[in-house]
Amino acid sequence: MTVPPLQTPGRETFWQIGYVQEILFYFFAAMALLTFGWGVYRRFTRYTRGADDWFDRTDGIVSRVVGATKIVATNEKQFNRDLYGGLMHTFIMWGFLTLFIGTVIIGIDIDLWQKALGNEPFLQGAFYLSYSLVMDAMGLLFVVGIGMAIYRRYWVRNERLWGKHTSTEDTLFVWTLFLLGVGGYVVEGLRILGDGAGSTSMPEYEIVSFVGWFTARTFQAVGVSPGLAADVYVAVWWSHALLALGFIALIPFAKPFHMLSSFANVVTRDEKAGKRLPSVPADLDAETGAASIDHFSWKEILDQDACTKCGRCSSVCPAKASGRPLDPRDVILDLKQYRENLAAGGDERTIVADGGSSVIQAETMESCMSCMACMDACPVEIEHLKSFTRMNRELTDAGEIQPSMQEVFQNVMQKGNTFGDPNRKRGDWADDVEVDVPDAREREVEYLWYVGDYPSFDDRNKKVARSLATILDAADVSFGILFDDEKYDGNDIRRVGEEFLYIELAGHHVESFEDCEFEKIVCTDPHSYNTIKNEYPEVDFEEFADDPVMPFDYEGTWNADGEIDVYHWTQVVEELVPQLGLSGNELDYTVTYHDPCHLGRYNDEYEAPRELVKATGCELHEMPRNRDDSFCCGGGGGGLWMELEEETKPSEERLREALEDTAAGSQIEKFVVACPMCMTMYEDGRKTGGFEDDIEVVDVAELVVEAIGESETAGL
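With numbering that gives the first Met the number 0, letter number 352 in the sequence shown gets 351, and the count goes up by one each step, no holes.
Some hints could be false.
[What the hints assert, rightly or not] Derived lysine-lysine pairs resembling DSBU-like cross-links, with alpha carbons at most 30 Å apart:
#  : residue 1 : residue 2
1  : K648      : K669
2  : K686      : K271
3  : K76       : K271
4  : K613      : K319
5  : K613      : K519
6  : K114      : K254
7  : K424      : K414
8  : K686      : K669
9  : K319      : K648
10 : K163      : K613
11 : K648      : K519
12 : K686      : K613
[What the hints assert, rightly or not] Pair ranges (Cβ atoms, derived):
#  : residue 1 : residue 2 : range
13 : G117      : A342      : 21 to 29 Å
14 : A72       : A342      : 32 to 40 Å
15 : V434      : D693      : 46 to 54 Å
16 : S238      : A72       : 29 to 37 Å
17 : P421      : S166      : 28 to 36 Å
18 : V39       : G583      : 42 to 50 Å
Everything labelled a hint here was simulated from the structure, so no lab data went into it.
Treat the numbers as computed from the prediction; the structure is a model and nothing was measured.
Glycine included, every Cβ here is placed at the ideal spot set by N, Cα and C.
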């Protein structure tokens, strides 16, 4: 049976579909939606069984949802460093959403507006024409986006899309979406062509459905008659409908669930994730490690479900690039796979350990540099460092750490510094600089300068400390240091898993700070800057002070209201350029600058060091990987002290990049840093990589002190 074409622009939704088939469709649709609802319910109840998260992720829920909607709607994270991927995902997402909204509009028209309320259909006339145009245009974008994904995955075979957890499910997902997109146009083309049966031509108004019209014309060109199109339409319609309903039903049980879990993950993100780690409860017996999968928080489980296997984290990980046994994506997905296997009746295993059949190997976690490149690249806001820290704490609690790290812990506990030198010598570097370095414990100062371990004890970095003291003195800044009351800040041992020693160090410093009169804190080391600024205020020192194990007695919550400003020294000195008398013509070196992870990705400070370099007159050339795309030196997360096997040291690769991939190439004379740990790693890489005769590693402070003509005063 055929139906003559409608005179008013519009279409019959169940064209050629009889009442019995229509009822059958509603039955299948109801089953699909019930299955979908049940699956989503089971997924989210699983999160309620996860441990509590230390951070309140539901505060300001409205603003969270609005912010997440902006991030997802604009695909801003997808476009980060990948224009092709950003366009691809935008086409797929907005095409899919438009097709979904269009389907909802049809449902409202048929089931609510017509059947429930007894009205004439509203999907006709001018509205129908606009609807058809938008649906065809956005549906085409959807198909193009899926085509781009297929091309990148199977033709180009983009390396980051393939890995340990690549499965048949991934292939079925992308091809199902492709068949849904193309199948929709096949159904539409058959309907348009078949709608002309019994007439001289197809309905002319259907030309607004330009893709469907083209498909109908193509069928017509290859000999498909309107009658044949009408005859085969039912079979094709059911094939498309069942594929769509099956896809809906399976969303909560397969990879498509990321469409829901990813948005939820963005909503519940911690904007300071990584730069501040989860706090340990005042109850020191509380479980903060990874003895069991049950100890992971609901947010960490959501992180696992939100992972789309896109491999962006893997592609930017310096540990993976260096040949260390770490792939951030695999760690997250290994944990997910184990959790799901365990829920299905699999055997329980150790989460993380040195050797054996543990889910994650200890050397994998030791490889992490805590550079946050994985988190910065992740389009769905997975907080890798949170799970990594949990496993590091487990290893530390179990004593499964390298002897070199155990020595560092011992040095800090006994001497207060990572070098193991007597802490009374901490301020001895000041003896070799021809300016007065005041004691902040004895006089009121504007800036309390936290010098840090490496500028205090390492011979190479002492030059940086002396340079900075000279600069502050030349700018007539009121500053002072703590001398032997300063200890190691604790940032990196915390990231290795030694939380309680970190609490002790933080408590000591807070007490020392409160004994001084100052307005601001300035730090030499970005690692110190990060932890004093972002992590010390998170610790409830008053509760910990009640524990007899903790060697401090503190009342109140330090800097909880953020009244104490903490700065990296480049931020302070950038404002002092006029006082220093720099004209911007003092030096004529050709240089490049390396962004330290803890200053850049951690705290979004990229411009202050660059402005200082430019203020000296140096010609600054950017490396291809700069700012938030900077490549870690390898020293973070304990890497400075660990013995790790690598194919290429990150520091060597970075120096090679400076000399070979930077626009100025071999003309680069100086590799400029703004972090003592970076200085140490690159001086080592310069020797081991054979770059000693090619480039010099200097700190920004050394350039500035040379530019103001005070190198001799600084003892350089």
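We went through each hint and held it up to the structure:
1. K648 x K669: Distance ~19 Å between K648 and K669 Cα, so the pair holds.
2. K686 x K271: violated (36 Å)
3. K76 x K271: holds (17 Å)
4. K613 x K319: violated (34 Å)
5. K613 x K519: Status holds; Cα separation ~26 Å.
6. K114 x K254: violated (36 Å)
7. K424 x K414: holds (11 Å)
8. K686 x K669: holds (15 Å)
9. K319 x K648: holds (11 Å)
10. K163 x K613: Not OK: K163 and K613 at ~45 Å, beyond 30 Å, violated.
11. K648 x K519: violated (37 Å)
12. K686 x K613: holds (28 Å)
13. G117 x A342: 21 to 29 Å: Given range 21 to 29 Å: violated, Cβ gap about 49 Å.
14. A72 x A342: 32 to 40 Å: holds (33 Å)
15. V434 x D693: 46 to 54 Å: violated (34 Å)
16. S238 x A72: 29 to 37 Å: 32 Å Cβ-Cβ, so the 29 to 37 Å window holds.
17. P421 x S166: 28 to 36 Å: Roughly 57 Å apart at Cβ, these two residues miss the hinted range, so it is violated.
18. V39 x G583: 42 to 50 Å: Because 60 Å falls outside the window, the suggested range is violated.
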